[in-house]
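Trainee: Residues 1 to 156 in our numbering are what the sequence shown lists, from first letter to last.
One thing to keep in mind: the hints can contain errors.
[As the list claims (entries may be wrong)] Listed below are the simulated SDA-like cross-link pairs for lysine to any residue, each with C-alpha atoms no more than 20 Å apart in a straight line: (1) Lys4 with Ile73; (2) Lys4 with Phe28; (3) Lys4 with Ser38; (4) Lys4 with Asp42; (5) Lys144 with Leu101; (6) Lys139 with Arg112; (7) Lys139 with Thr90; (8) Lys4 with Ala41; (9) Lys139 with Ile73; (10) Lys4 with Thr90; (11) Lys4 with Gly37; (12) Lys4 with Arg80; (13) Lys144 with Thr15; (14) Lys144 with Pro16; (15) Lys139 with Leu18; (16) Lys144 with Arg112; (17) Lys144 with Gln65; (18) Lys144 with Asp68; (19) Lys4 with Pro87; (20) Lys4 with Ser72; (21) Lys139 with Val99; (22) Lys144 with His95; (23) Lys139 with His95; (24) Lys4 with Arg112; (25) Lys144 with Ser133; (26) Lys144 with Pro132; (27) Lys139 with Cys122; (28) Lys144 with Ile66; (29) Lys4 with Thr93; (30) Lys139 with Ala121.
Simulated from the structure, these hints should not be mistaken for lab results.
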Amino acid sequence: MPYKQPISILLVIHTPDLQVLLLERCDFAGAWQSVTGSCEADEPLIVTAQRELFEETGLAVSLEQIVDWQQSIDFEIFERWRHRYAPGVTHNTEHVFSVQLPAVCEVTIAPREHTQYCWVACTDAIERVFSPSNADALKQLPEKMRITKDTKIKQK
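The task is simple: from the sequences and hints, build the whole structure.
Mentor: Right, dumping it as structure tokens:
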């Protein structure tokens with residue numbers, strides 16, 4: 001199995017009223033998160049976000065629906081997952097994206113990756129996720145939604 005690239009995406013899925021989709025990891029009981037995943041080959045980051053969304057939830061969206069926050073964070077890879085990366089790789093760069101769905105919906109989780117999913121209020125999601133970078137993105141979500149909305153109004 002080839003090593004994972006230490007470049008990944010975090011995709012926050014939400015509704016207009018700030019309900020957020022969370023997934024519980026299969027390999028880490030009790031660890032809730034947004035959609036995440038590593039880039040494959042020379043795949044553009046936004047394509048990684050679109051692919052991971054479909055693989056992990058069965059939800060298909062267009063690239064235009066995905067908002068690139070133009071934000072990334074470098075963090076130390078949890079020891080439990082370092083074996084997935086080349087020897088000596090200890091840090092990952094995670095790029096943040098979001099997608100707004102019209103309403104809470106059923107999803108089809110990838111059973112090899114997740115055990116269950118839930119939709120929760122953004123404030124509850126911040127407390128539930130295990131990853132500090134995921135919590136930080138969720139804290140920024142209301143402001144990011146406002147900026148995106150303002151930009152769309154100006155473009156009309």
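Trainee: Now, for every hint given, state plainly whether the structure supports it.
Mentor: Each hint, compared with the structure:
no.: 1; hint: Lys4 with Ile73; result: 17 Å, holds
no.: 2; hint: Lys4 with Phe28; result: 18 Å, holds
no.: 3; hint: Lys4 with Ser38; result: 7 Å, holds
no.: 4; hint: Lys4 with Asp42; result: 12 Å, holds
no.: 5; hint: Lys144 with Leu101; result: 15 Å, holds
no.: 6; hint: Lys139 with Arg112; result: 29 Å, violated
no.: 7; hint: Lys139 with Thr90; result: 26 Å, violated
no.: 8; hint: Lys4 with Ala41; result: 9 Å, holds
no.: 9; hint: Lys139 with Ile73; result: 15 Å, holds
no.: 10; hint: Lys4 with Thr90; result: 12 Å, holds
no.: 11; hint: Lys4 with Gly37; result: 10 Å, holds
no.: 12; hint: Lys4 with Arg80; result: 14 Å, holds
no.: 13; hint: Lys144 with Thr15; result: 13 Å, holds
no.: 14; hint: Lys144 with Pro16; result: 12 Å, holds
no.: 15; hint: Lys139 with Leu18; result: 11 Å, holds
no.: 16; hint: Lys144 with Arg112; result: 31 Å, violated
no.: 17; hint: Lys144 with Gln65; result: 14 Å, holds
no.: 18; hint: Lys144 with Asp68; result: 10 Å, holds
no.: 19; hint: Lys4 with Pro87; result: 11 Å, holds
no.: 20; hint: Lys4 with Ser72; result: 18 Å, holds
no.: 21; hint: Lys139 with Val99; result: 15 Å, holds
no.: 22; hint: Lys144 with His95; result: 15 Å, holds
no.: 23; hint: Lys139 with His95; result: 16 Å, holds
no.: 24; hint: Lys4 with Arg112; result: 17 Å, holds
no.: 25; hint: Lys144 with Ser133; result: 15 Å, holds
no.: 26; hint: Lys144 with Pro132; result: 18 Å, holds
no.: 27; hint: Lys139 with Cys122; result: 8 Å, holds
no.: 28; hint: Lys144 with Ile66; result: 13 Å, holds
no.: 29; hint: Lys4 with Thr93; result: 12 Å, holds
no.: 30; hint: Lys139 with Ala121; result: 12 Å, holds
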